[in-house]
Structures are given as structure tokens and as C-alpha cells.
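Asks: Following the hints, put chains B, C, D and E with the ligands in place on chain A, whose structure we already have.
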Amino acid sequence: GGQSGGGGSGGESGGDSGATATDSGMDGEGSQSGSSSDGQNASLLTAEGSSTVYPISNTGSSYWNSNAPPSDGEYWGSNSESTVPGWEQLGEPDMLIADYFASKFGFEPTEQRSSPPFPTTVGLSHSGTGCEAVTDGLVDIGNSSGPITAELDWSEEQAQSTVVDNVVGRDGQPVVVSSDVIDAGITELTGEQVRAIYQDEITNWNQIEGVDYDQEIYAIGRAEGSGTDTAFRLNMLGDANASMSGVDTRFGQNQQVAQAVSQNEGAIAYMALAFTSESVVPVGIDFDGTLYEPDRDAEHTIFDSDYPLNRDLHMYTLIEEDNPDGGGYDAREAAFINMFLNEFGQTIFVEGNNYIPLPTSDLRSMKEQVSALATEDLVMP
Amino acid sequence: MEPVTRSERLTAAAGKQVQCVRDFVHDTDPAALVVVTVIAVSLLAAFVGFLAVSNLTILPFAVFLAATGYGWVRHQEETALVLTLTMTVSTLLILGLIIVFIFRESVPVLQYESATVFGVSVPGLRMFLQSNWDAVSPPIRYSMVPMIHGTVMVTVVATAVAGPLGVAAALFLSEIAPDVVREFVKPGVEILAGIPSIVYGFIGFTILSPWASDQFRTTGQGSYLFVGIVVGLMALPTVVSVAEDALSSVPESMKSGSLAVGTTDWQTMTSITLPAAFSGVSAAVLLGVGRAIGETMAATVMLRGVPRLTDPLVNVFYGQETLTSLIARNYGEADGFQMDALFVAGVILFVTVLVISIGAQYIEWRMRSKLGGGA
Amino acid sequence: MAGATQSRLVEGDTTLTDAVAAVAVGLSATLFVLAVAAMFERVSLTGTLVGLPTVTLLGGLLVALGGTVAAFGLGSWVGYVETDPDATAGLIASFGAAVPWFVIGGGVASQTFGLGTAGGVVGGIVAGGVAFAATAVPREDVGSTVPLGALLAFVGAVFLTGTIGPDWLWDLGWEQQASITAEFLVPVATLFCALYGGWAAAKAYGRFGARGRHMGAYVLVYLNALSIVAFLFILIAFVVVRGLPGLLHGVRVGAGVGPQVFGSVQLPVYVPFVMNGVALLNDFQGVLPAIVGTIWLVVGAVLFAVPLGVGAAIFLTEYAERGRFTQAVEVATNGLWSTPSIVFGLFGFAFLIPRFGNRKSLLAGMLTLGFMLLPLVLITSREAMLSVPDEYRDASAALGVKKWQTIRSVVLPAALPGVITGVILGVGRIAGETAPILLTMAGGTFVPGGQTVDVIGGFEFTGSPPFVANPELLQATSALPYQLYALITAGVGLGSNVSDPDGFRWATALILLLVVLSFYAIGIGARYYFRQRLKHE
Amino acid sequence: MSNSQQTTSQHQTRTTDSDQSLETTSGETVEETEEAWVEYDFQGDAKMVAEDLDVYYGDDHALKGVSMEIPEESVTALVGPSGCGKSTYLRSLNRMNDRIDAARVDGSVQLDGKEIYQDGINLVELRKRVGMVFQSPNPFPKSIRDNIAYGPRKHGDIETGLLARMLGRDDSEEERELVERALKQAALWDEVQDRLDDNALGLSGGQQQRLCIARCLSVGPEVILMDEPASALDPIATAKIEDLIDSLAEEYTVVIVTHNMQQAARISDQTAVFLTGGKLVEYGDTDQIFENPQSQRVEDYITGKFG
Amino acid sequence: MSNSQQTTSQHQTRTTDSDQSLETTSGETVEETEEAWVEYDFQGDAKMVAEDLDVYYGDDHALKGVSMEIPEESVTALVGPSGCGKSTYLRSLNRMNDRIDAARVDGSVQLDGKEIYQDGINLVELRKRVGMVFQSPNPFPKSIRDNIAYGPRKHGDIETGLLARMLGRDDSEEERELVERALKQAALWDEVQDRLDDNALGLSGGQQQRLCIARCLSVGPEVILMDEPASALDPIATAKIEDLIDSLAEEYTVVIVTHNMQQAARISDQTAVFLTGGKLVEYGDTDQIFENPQSQRVEDYITGKFG
Ligand SMILES: Nc1ncnc2c1ncn2[C@@H]1O[C@H](COP(=O)(O)OP(=O)(O)OP(=O)(O)O)[C@@H](O)[C@H]1O
Ligand SMILES: Nc1ncnc2c1ncn2[C@@H]1O[C@H](COP(=O)(O)OP(=O)(O)OP(=O)(O)O)[C@@H](O)[C@H]1O
Ligand SMILES: [Mg+2]
Ligand SMILES: [Mg+2]
Ligand SMILES: O=P([O-])([O-])[O-]
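Residue numbers (my numbering), protein chains in the order written: chain A, 1 to 381; chain B, 382 to 756; chain C, 757 to 1293; chain D, 1294 to 1600; chain E, 1601 to 1907.
Treat the hints loosely; a few may be bogus.
[Stated by the list, open to error] If we take Cβ atoms under 10 Å as the criterion, some of the chain C residues that face chain A in the derived model are: (1) T1201; (2) S1234; (3) I1244.
[To be verified] Selected chain C positions facing chain B (Cβ under 10 Å, derived; list incomplete): (4) I848; (5) N980; (6) F1100; (7) A1277.
Simulated from the structure, these hints should not be mistaken for lab results.
The beta carbon of each residue, even a glycine, is placed where N, CA and C say it ideally should be.
Extracted from the complex, chain A is given alone in its bound form (with noise of 0.2 Å):
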């Protein structure tokens, strides 16, 4: 096991110390394959793939590093100043957050602040790489914000007996404008108008029906690949493979995206809710007569779940064949998705992050999932 810190790390302040795993129990060779069938692998566990799902599962993963005590108040626990939400409902468990995820999966409390059982960590790229990624099993989790099925290209039965869907949380995926757009006085488009800016049959604002706005559109897409992008295609151009001609660039992640549509005019751009600001301002879209607005407060809005770019965002885990009652888990991939399932979790690091928290019902379908590896009952904390 590793006993961490080369150079300067080390116990300095502000509690980023070096020790990371305690390695009970750890033969070397289960650290490579990254999996191991007697449940306390405390190996890193690595996380890849969507920019959506980036800042829910890198949240995540900073807390559960951090190992907050209980008398913190401020990420974990209660104190006289502050107490997280859901804490009731977890039953104020006198632990560490990450000791207290992971010793339901059997893990050894390690009592020490950033010392969490095993560490983690979250790599940013796009669906497409997360989903390859975990097929490929380069990495534990694959963060996802569209199926893998679409992602790439699989049956629902191929998905279904090579990986588990973990579903975290929602997206409303805007349509976002640049504040020069908006200033304009567009702030709604119909599902068609966005639809002919990306297929290249509206090239300039003032092509749009009662709009007085000469500039050129700045069609900003998504990496194709990318889970926005397919959710895009799939949900606003009706085909996974529908052509988008109109775009005039794409990029990476949705970060880019955000700072592209900042820094230039006319630029329209679709991404996900957590990436929206005052210069990146989403517009109400009309489908089909039902106008879909960013207020909260509207009657029909974009985190409504009948908004037809409302869309799960996923983090998925290999099911391995060495592993047949693991479920498709080892037991720190359980201990941290299970984390993200109740109302702490969906609180802090879901709507923290301006995206939908799941349903009750559904969190209870993804809790059971998960508890096949829990040495406890998950389900009623």
C-alpha cells in the first residue's frame, strides 16, 4: 500500500495529509486489476468520462477525500453553527463521511480527517470516453450523461448484462445564449427554430421570425460523443445520428462551451444546467406549443421532467465475470455511488450543482441495486 506524500506533502495544515489507504487485507495483485472478489481492495478508485456528470461525481469525490468528522457541520455532520442537510435522516452517525460510507461495504474506519478508506478520484473528458473507458475497464466508473446505449451504439441487452446504470441525478439540458442575444430580446425559441440553426437552414438572427438582430449565429456544439451532444441529437433532432451541418464548432466539455458562448456574440449553445450564468443565459424553448421556460417558478420549466431534453445522468460500473455476486460492484464503487443516494448526497452534490435530484421512487430502485455488496441494510438508514 502506499504511504503517500513524495516531495513536500505531508501532514501540512489545512488537512490535505498524505496517508491515503490503510491496505488490510490488500495483495498486491488485486490493486492492478482494480477489482477483487474479498470486497476490502482499497486501491484508488478512479472515475471518467462526462462533464456533466464532472461536477456531481467531483464533488463527490472531494468530500469523500476529505473525510470530514462529524463535529464539522460544515460538509459532514452538525454543529452549533451549522448542520448538512439529510443528516437527520441519516441517523447523525457519529463518523467520518467517508468512514461511514465505506464501513457499509465493510471497509476499516481509518478515524482520520483526508484519510479516507480508499481514495478517489474523477477524470474530465465526455461520455463517450467515460463509457469506453469502463467497458474497457481502464477505469472503475464511467460518468455518463447519456445511455451507453446510444453512447456507443449498443443493444439494450448488451448494456444490460456488461454494466450497471447507476442513476445519480437529472439534467434539464438548456439552450443557452450569449447575453447580447438575450439583450436582443430573444429569450425563446421554438424546438424547430433551434433545430434549423443546427441543420444550417437559419444562419443569422434575423432570420428568426420577429427578431431585428443582424449577426451571424455562432452554432457552439458539443464533442461528438459527448453525452450532450447525443441527448442533443436524440431529443432535439429526433435521431442519435440526426446531422448537425450548423455547427460552427465544437468542443470538448461543457466548461468551454460556457466560456465560448461568454466570449463571443450570437452564439447559441446547448449544455448542461450546472454550466449556466449571467453572461450564459438558457432561453425557454417551445415544443410543439408547450413553452419550456428557466424560471423555476413558471409553469412549464426546463427541470420539469416532461421537458423533452430532461435527461439521467449516469455513472456506470463494469459488471466482471470474476465477480458474480458482486452485482457489478466491488465494494468501493458501491460504497461511493451509494453515497450520492439519499438526501444528503442529492442535496449537496446534485442540486449543489443546479441539476435535478432524483425522485424518491427512483432512489430507492437505485438504493436496492446497490446494496448487494452492503453488509448493512442501505435501504433504511
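Replies: Structure of chains B, C, D and E with the ligands alone, referenced to chain A:
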């Protein structure tokens, strides 16, 4: 002298090699010979094992280490010879492996994209005949034309920047600058080569691209012009240092000869030094072109990432995709044909740059033999 | 014959005409600076400068410069000014004058007169041709001043009359829309005019003839060198200024504030940006794992490439007969040296990854960079060994010392400075490479300090072959260039952790620059030191 | 300017520059400070005059206080052991030392009474008037004709090139004459007249050296400096060059460095002997130097006791 | 092996190798085939004997049928114009020519009667016994001590290095003595004894050359070959080297190439004159060669008529 055919010459060369080996065997102590053979054989076995992704690779490798250790202590002369020889061979091997692996990976898509001319099906031809790249919506096409266009555009701009500026700077360094100035400028140029391309890319993406889009009123940001300028600045040090070598390899006696008849320094440079070093200087520019073609990160973060020809073709104010940025952008989620197509891009890059490198070396070699043989 | 072209051996004192030419050179320098300032928006085109609208001022200066230059040439022609002109200005000057006039002629014909592309080409050829002839045919003093003076005056007049004002715009009318704006055209045109004016004025200052051309050329060449150095300086200063706040965020100095190193010693400084990772509970975030990752990458690449490269260099220089084989290896290594880094990445992706547990790993990154470093080490080592004088080898051989002993005790030590310098410079290059590790190693973007890679501590013994394993090597980690790339593409998700994402990014760029440039500085310094030492011995 | 005047100004320089001469005297033997050579009298005018010339390469004092007058239309030989500064002295006569960054020159050199180490000197003109031929032949990698015509072309005496041809101003007749005259003067015309367009690098060593002399002559110099012009040549070629120098002396002022005593004795009118340390030890009529040297060291050197 | 025996074997070689000698005779003038020098008689034994030695560089026949005996404990000078093959001959005496790829040697060279051009000859041993000093001083860029101890160390005569030190086997006392002895023999001890650990490149040229001689002596040679050892040195250093050579001849067999006639006359016991074309033209007592050369060309050469 009688004309000697090529095959005869080859046979003679081969014969010489055999003779060399025989001499070595003859001159070497048998014990050393055994050790050396064990070293060579075990290393070969380890290499084969590695290629075959075998878990047993470690065994021959251990034998190799042990034999080397023993040989080092007991027969240092022979062991050193064999070790350095294997190291040389490994270098060649790496080049060979690169060729084999990137070519091998690119085969399937070449078959997919074959086109028929005059009744003959030529693999991969369609990638160069039509200009449509679409990896998602049918018809799925992996054309290299847009990326080749992009690479050419970037390279042309980069060469226009790096060529004249580089040659002028090389002239300055080798002929004009006083020692003190050279002591500062030369390391400066070298440091320029050291600035990581991602830093250029970062500045390009956050500062230059928005500025350019604003200046030229383009729709959105990312232009071949500015990628080319940035890449040109990156290629500049290569041009400067190679051209400077060429210029200073012109014998001082030639330059003095010219000055002694009462010409100005500038006349000497243009009439004697530059013509004499012409091939070396062109080799420098060629190598700069090679650098520009292979530059990746700045292009990746600055370009638009939509493989498409600009409209019109000379529109440098738009920058779509180059061969390098295509790979860097798509390697992640690509699979199947698309992945193979990236390897095709790699092959094009590799072959082009290799040809340029060999061409530049040939030119330089000719110049040196001309100057060396003549003067 | 000698008397025929006799000119003065000693130049006279500075005269009024010299002063005029010098003023013209100074004027061009001023214009050059103004143009650069306008280009970088240090001077606003819509604003005013010394009480005049900027464009008007530029126009006025251009007209003045053009007039001076042309007047000087004409003055020389009629004999008011004592000069030494050639019969003609020459081909280069003629082309030099023809190009801008071609552009102007083409632009005016196609746009102002609306004659279209064909008309533009014809107009360009006419204007360019006239300028060419006007330069080539008359004596050098007129040829190299009047057409250029006219060019400057024309451009100046266009600015003065407001034909091209701050709001001027030329839509190129392309499918992918682009326009030439005054913001761009005015500074660029001024810049080129300043260069032309400076060139002509310098020629005049040198009194034309061989000396004049020499002057003219030197002005341009010096300017070029200066610009390159200035560019480098600005680039670095820019990154430093932007990056420093982020780098110094939360710095503390004092006894006992720093982290412990080597067990017990406490550093007296605490620079969180380079001593921390990213973690929820940190007060200040940092990039320690990426720094350490970069260091290990470099160490691995050096351990792989240096023995291999030096060994091969030894064989090629000392053992192999110079011939086909060495030539082939030379071609191959030079080819490898120019191979694009992304191709190395592809190769590592296809060759190494399947062989190291089928995942991106530190080891794969090390080897990929090692492949890149190898040709450079080989080439520089070879050069260093070739430059070891044969006398050393002869002397050693004459003492009856065997070949390898000679290599080890004489050749290698003598070649060491060259090898070391080459390796350090090579390391500087690979340390900043992103493309290859993108495909072979890229790890997380915001890595906690606890996940800093620890190669030494990672070794462990196992029960099955190969009996020793190092999971740290087989795991992806972060490295500075990759981290910067990831920061460019990401940024959100820093979340509440990083208060100033932009500062964090620039600080990362600064650290990367510092790491890479310090390799270069060490390399260049080492070379300087070794050279200096050789000189003195 | 007459000879006597120059001598006067020289003495003035000496006096004013007193610390220099003090320093010079302190560490030296009597023999070395002997100034017999300064008094060297010759007929005719002095073409070039060096006064108190010091040359430094960085900290290295390569030439120490050399004063020497070079008479017009004669051959002056410079001899001395290797490294004694002969080439350095020669190169300071047409300021070729300017090309060496480390080199610094103190003192004065005059050409026809004009100081060449002063601001505003026209180096181009100086080098046209004081030509130079180097130790190893250094023709340009161009045709024989281009080699000869190179200087005049660059000086604009004859025009060539595309543009001149287009404008009908290249006077090739003039060029032909110039090339022929230079080659004839250099005794090379007969050997190369049929292949003026061949590359000069194809000539033999001796021919190349004569070509370089012709190239030097073509710009019409007054003084020709030659630095061991025959040392890289075989005896036959050497003989030709020696003959050539002999004939050149009728029209030009020739200064030649040689390490070959016999050669110096054969071809020169006066000889200057430099000895290690950058000092001019003796200067006078060649016959006198070789038959009756004033100092023991010069005698030792000339008779081959060392060097 | 006695002198007479060698001469016999030499004549045998001549006879067997008949086409070679035939070829040699055909194209030559009478004077050149004169073999007076072969008969050169000397007292004492021959240390080295070359018989019918031909050396080729590729197609270039650089040394033509040279036969020559080198007497023990004396100084043999080789003189001749540049390129005549002196160095080539010298280098074939310790097979340094093996290091030049293009070089091919025919004929025989014997050291104490043992053929050195035969299979299985131990080059290391040969070069230990036949040492060599080069034209320009070439000390290694190491300390003075390391330079001297270099050979013995590599031959394992004295042990150094970490391992030896750990095992207590580096006998530095022995090394010190060896260094001192060699430096004293080379007349350098007094000048450098206080700075043995300084870098050898810091010495003056003459000191460097003596250091090289000391380095050569340290491995205990019997023959010392010197290729123009003083040509790069100033007169004072040259004088020191000459003295040194004189004293070395008491114990060692010295063969020296020089282009300086006076030097050859001063220091050598016998002189061999090579002339262009790689031929040995005359060989005999130095006094006799210089005072009464047998052939006209040798006389011309010695008196400086050419070369
Ligand atoms: N470019 C240079 N830089 C530094 N020192 C120099 C340079 N050229 C010559 N010297 C030094 O100046 C001194 C005189 O050199 P110079 O070449 O004038 O001698 P020389 O008499 O011509 O010798 P030779 O007969 O070998 O040509 C020497 O000590 C030499 O080392
Ligand atoms: N390494 C070599 N390769 C090819 N030819 C060579 C080589 N060394 C010498 N030669 C040729 O062999 C001939 C004899 O050369 P060598 O060096 O023996 O002459 P030398 O008498 O020592 O002359 P010098 O007095 O100039 O040293 C010359 O023609 C020379 O060009
Ligand atoms: Mg000289
Ligand atoms: Mg020699
Ligand atoms: O979620 P994505 O980053 O794949 O769009």
C-alpha cells in the same frame, strides 16, 4: 574503374559484415562469447515476450540482467560492445515499432474507405477524394481532406512567419551580432523553444482568439491565421538554430575573401554566405515546416474542432481542424473505424514529417560535401 | 582604373543632410512604436493623441515621413545632397515596392471602383508594375525613395482624409463571414509603412550605394532580432503577471509554517499552491500532485532514454565503422527527432497501454516521453563524443589501454558536458509536452495532495512473477502540462474549492513555465559553464 | 605627405604616449628596445605607416608597439616564428582585425598619410585600396569569371544581374576586359581563358591562389597584403607565385608574410623580423637583414637555430 | 636474436616477396633504388626491424617497401618533407595504424625479433612496450596525477577505485612512487610536484608535452616513438624536450619524427631521410647524413632547397 553493380556492392557489404562477425568470434575468448550470446538471446526473448504481452517476459529479462551483470564483471570489453550494439538496435527498433503499430491500426478504415478507379479498388482512396468527415450521422465518412487542408493552411502561415524571421534572426546571430548581444539573444531564442505549447495554446485560446474574432468580425473564434502565427513562433527557434549552424559552417576564409575586396558585410552575406549556405538554410526552413505540421496542443485548444473545409478555401480567418488536433480531440471516445481514422491521420503526419526530415538531411549533407569538398 | 570610382576614404562630418535622414529614421521608429501600441490597443484609434485624433496623427506622420524620404531622394538626384548611389535600386527593392502597391492597386480597383476580382488583379498588376519600374529604372537614390515615399504619402493621405477612419469596415463577402476592420488595418498598414519608411531612410542615411543598402538591411535585421527578444520577454512577463497572484495566494513565511520534509525539518516558507493538492478542507488549493507527477515522468523518461541513447551513441561513434549503417541510424534518429509528439502519443496508446494493464499509467507516460527523449539524447551525445579530440583516444590506445576502458575513462568524461547539456535541454522539451501524455497517462484534474504519486514507496514484493510490483507506476497521475490542458477545458467543478479559477489557471501556467524554463536555464547555464571552463584551461 | 613629415608625427606620438613607452622599457633587455629599424631609410615615398601599433586579443597583447613604414612599389616581407603576430600586423593594415570581436587596436596606421583608424573611415574604400590574399586559396564557389568580376560588380563598376540586363545596362564588354586584364596580371589567363565559366573550385591549388590574386587585382588596389600565400602550395606553384609577386611590385605595394626564409630572401626588397611576443625586432633592406643582422636573436632565427 | 640473423630473414622476405620488389624496381630512377642505407651498420642490437613495409590508405600507397633497423638505446630521427610518410612509418611500429580504417599494412615489423604483424599479437602488450608521444601535447583533461597513473591503473598495475579502496587494495604509496618516478624521468617533477591534483590542461605547452612523455614512461615502455614532439612548442620548451630526449636515450630506444633539420642534427644518433612518395631514401649516422649525404635530392632537401 570497372562499373560495379548494385547487387555486387551489396554482396560485398554483406560479406564485410560477415567477416566482421567472424573476426569478432575469432578474436574473442570463448567464455566471453558464451556470455555475450546469452545476453543477446535473452534480450531478444524478453522483447518477443513483451511484444506478445506475455507474463513470462520477466524471466528472459532476469536472465539478461544476470548475464549482463556477470559479463560486466568478467568480460567488460565484450559486454560493453554487445550492450551498446543492442542499444543502437533498440533505437532502430523503436522507429520500426512506431511504423508497424500506427500503420497496422490504420488498416481497417483504409479498407472501409477504399474507392475504385479504373476498375481497381484502392484502399483509403476515398479519404482523399471527397471532403466529408462525419463520424456520427450517416453516411459515415472519414475524409482526411479537411484536416489536410487545415494542416496546410496552418503550415503555410507558420512558414511565412518562421521562415523570413528565422532566417533573418539566424543571419543576425551568426554574422551580425557582436559577441555580447549574441550571448543574450541566442539563449533567448532557445528559451522560446522551451515554452510549452500548451502555454501558447492557453494564451491563444483565452486572449488571442477572442481578440482575433473581434478584429475580423468572424462568427465565433478559432482561425488558421492565428494558430499559424502561434505555431510559426513555436517553429521559429528550430529555423533559427539550424539556419545558424548552416550559416556559420560557411568557411570564414570565404567571408574574409569577400570583405577583403572591399564589400560591405551585407553584400558578403547576400552574395557569398547565403548562397553558399542556401541548402542548409532551406533545410532549416523545411525542419521548421516539419515542426509546424506536428504541433498539436495550440491547435487543439484554439481550433473549432469541426472537420470541414473553410469557405472559401483561402479563408484563413476560420480554423476548423488539423491532423494533429483531430487526434488529440477524438482519441478518447473514438472506437472502431473512427479510431483507425485517427491512426490514418497519424500515419499521414508521420510520413510527411519523416520525408521532410530525410529531405532536409539530404540537402544538408549535400551542402556540407560541396563546401567541404570544394574549399 | 583605380581612380575611376575613387570615393572618399574618410567620410565627412555629420551634415545637415545626415540630420534629415536621421530624423526620418527617428520618425519611422516613432510610427513603428505607435503602430504596435495601437495593435495591442494601448493606443485607442477612436481616441486622441497629443490633441489630435489618433488616425489623423498617424496619417500626418506618414505623410511627413513619405515626403522627407522622397525629398531626400530627389535632392540627391538633382545634386543638393551628396550621396553615392548605384545605378539602380535592384530587384529586391523593386519587388519590395511593388508588393504594397499591388495590394493598394488591387484594393482600390476591386473595392473603390467595384471592378470585382479580375479588375482587382488588373489594377494590382498595373499599380505594382508602375512601382516596380519606378524603383528599378531610375538611379538608386530616386528608385529607392520616391515609390516608397509615395506609398507612405498615399496611406497617410487616406488616413488624413478620413477615407479610412476608425469606423471603416470592409466585409470580404465570404460565405464564412469575415471583415477587415480599421482596428486591424490602420495599425498594420502603419506598421508596414514605418518599416518601409525606416528602410528607405536608413538607405538614405548611408548615402545609398553599398553602404546605404547595408544600413537599410541592418535596420530591418536588428529590428527583427529585437522583436523576437521583446516578444519572448513580453510573453514571459505576461504569464508571470497573471500567474503570480495565484501562485502567491496564501503564502506565509516564518519559522515552522511550512510542511515537514525529510522527517523532521520544517520549511520556513509555506506556498500552498505548490505544496498542496486540491481538497475540500484546504484553505488554499494547489497543484502539488501535478508537479510531483511531472518530476516522476521526467525521471522515468531520463532513466529510460539516457542509458539507451548514450549507449547507442557510444556504439555509433566508437565501434561502428562509419558507413551505411551509421548513416541509416542517423537518418532514423533525425526522423524520430522530428516525429510529431502526438504520433508518439498514438504509438504509446497502441503499443504500451495494452502491455501495462490496459490502462493509462505513469509508466506508459514515462516510456512515451522516453521515446521522444531518446533521439535527442542520441544526437547530442553523438555530437559530444565526436567532438572529443581523437588525440585522447590515440593517447590512450598508445598506452595499450583497451577500447572500452578508453571510452569509459577518457571519452565519456570528456563528452559528459555535452551529454548533460543535451539531456537537460531535452528534458525541458519533454517536461512541457502535453500531447503524448494526453493519450497515455492523463489522470485526474483536481488531485488531492494525498494522491501525490509516490513511486519509491509504491514498490512492493509479490508472490508471483515478477515478484515486485509498483501500483503507483501502473496508475495514472497528473502532470503540469496536462493539468493546464484540463484546466483550460474544465474549470467548473473547482466549485467552492477554488475561489478564483482564472488565477488558479494562470498560476498553473506560470508554474509549468517555471519548471520548464528552469530546465532550460540550467541547461544553457551548464553549457556556458563548461565552455567557459574549457576556455580557461 | 612626405616621408620626413611622417617620421616627425611618429616621434610626436611616441612622446605623448609616455606611460606606454615607460612601461615598455621597464621589463626589457637592452637589445629589445634597440630601435635601429625605425631609422630604416629607403628611397621613394612611404605608402603605409604604422606608428606604435598595439593589438590585443582580449587580454592577450599580440602586437606590441610596432612602428614601421612601408615603401611604395616594393615588396616588404614579414618573417618571424609562429604566433609572433605577423598575421595580426598584416590584418591591421586593412582593418580585417575588425572582424574579430576580441581584437582591439591601439596606435595609428596611415595610408598615403590618412589615418585609417579614425571615425568615419570608409572600410569598403580602404579595403578596395588595400587588398588581401590569404594563406590558403579561398575562391568563391562560383565561376572563374564571377570570382574576378565579384568585386567590381559589388562596387557598381560593372553592372550585371537580371535587372541590369533588362535595362540594357550590363556592359559585358567592359566586364570581359576587366576579367582578362586581371587574369593576365595574375599570370593565369593562358591557363583558364577557355573555361572562364567553370567553377573556380575545380582549379588546382596554385591556380586558385593566382585566381585569388587576380580577384584582388580586379578592384584596383594600391597595396596588396599577402599572408603566407604560397605555404599551401607545391614548389612549382610556389615558384609561379613568386614570379608573379616580383612583377606586381612594379605597380603595387606588396606586403608579404612568409615563414620561408629563402622565399623572403628571394623576393623581398625589405624584410621585417618579428619575434615572439609581438615585437618588431629588426627592419631593413633584405640583403642587410640576411647578411648582417644586428641582433643575435635575429641571426639565430634566420639561420634556423630555433623556430 | 642477433643482428645478423635478422638481416638474413630480411633478405629472405625480399626474395619470397618477389613480385612486390619487381614492381618496385620497374618505375624508378637509379638513384632511388640505391640501397646504401640498408647496409647501415651500427653497434649493439637492433631493437626493431621493419622489412619491406608497405602501407596503403585505401588506394593511396603511402609507404613503399621500407626496410630499416632501429638500434637499441639510441635516438633515431626520421626526416623528410610533408606527406612523405614519416608519421605513417612511425605509427606502423606500434600498430597505431590499425586504428585507421582505411589503412592496410604489408610486410613485416619485428620487436626484439618477434613479428608484430601476426595473428594473436597482443596489442595491449605491444603498445605498452612501444610507447608513443604525439605532435601536439594531448594530456587527458584530468589531474596531473591521474594522467600519469592512467596507464598503470588501466593495466591493473596499481589498483584504484571504490572497490579496491573498500578491499584495502589500492596501494596509493605505490602509485605515488610511480608518478614521482615518471615525472622525474620526464624532468617535470620539480615544476609540478606541488600541484599534482591540478588539471593537466592548466600546464604550459612544453610542460604538457613532458607530461605526455611521463605518461608514456609510466607504463614502462622499451621503445618510445615521438611524432614531431616539439613542433608546437616555443624555443625554450623545445630545448627542454631535446635535453629530455637526450637523457632518455640512455635507457630507451627513441624514434623521433621531426621537420627541423637542426633538431635532427642536434639530438639523433642516426637519421633516416624519407622523400615524397613514401620512400626511405637514405639512412645512416646522423653526422654522415648531414655532412656527406649520398644523393643529390637528400642534400637539396637538407640544405633547404625545397620542402
Ligand atoms: N582570433 C584570435 N583570437 C585570439 N587570439 C588570437 C587570434 N588570432 C591570433 N591570436 C593570437 O595572437 C598572437 C599572434 O598571432 P598571429 O596569427 O598574428 O601570429 P603569426 O605570426 O601570424 O603566426 P603564424 O606564423 O602561425 O601564422 C598569437 O598568440 C595568437 O594566439
Ligand atoms: N588517415 C589517413 N587517411 C588517408 N590518407 C592518409 C592518412 N594519413 C596520412 N595519409 C596520407 O599518407 C601520406 C603520408 O602521410 P604521413 O602523415 O605519413 O606524412 P608525414 O611524412 O608524416 O607528413 P607531415 O610531415 O605532414 O606529418 C600522405 O599522402 C597522406 O595524405
Ligand atoms: Mg599567421
Ligand atoms: Mg606527420
Ligand atoms: O456529459 P458530456 O460531457 O458527455 O456531454
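Asks: Can C/S1234 be said to touch chain A, with a Cβ gap under 10 Å?
Replies: holds, 9 Å
Asks: Take the shortest C-beta to C-beta distance between C/N980 and chain B; is it under 10 Å?
Replies: Holds. Min distance 4 Å.
Asks: Would you settle whether the hint for C/A1277 is holds or violated, based on the nearest Cβ-Cβ distance to chain B being less than 10 Å?
Replies: holds, 8 Å
Asks: Does C/I1244 hold up as a contact with chain A if the rule is Cβ-Cβ below 10 Å?
Replies: holds, 7 Å
Asks: Less than 10 Å between beta-carbons is the criterion; does C/F1100 satisfy it with respect to chain B?
Replies: holds, 8 Å
Asks: Answer holds if the nearest beta-carbon of chain A is closer than 10 Å to that of C/T1201; otherwise answer violated.
Replies: Interface hint status for C/T1201: holds (5 Å vs cutoff 10 Å).
Asks: Just to be careful: measuring from the Cβ of C/I848 to every Cβ in chain B, is the smallest value less than 10 Å?
Replies: Holds - the Cβ of C/I848 comes within 10 Å of chain B, reaching about 9 Å at its closest.
The earlier numbered hints are all upheld by this structure, with none contradicted.
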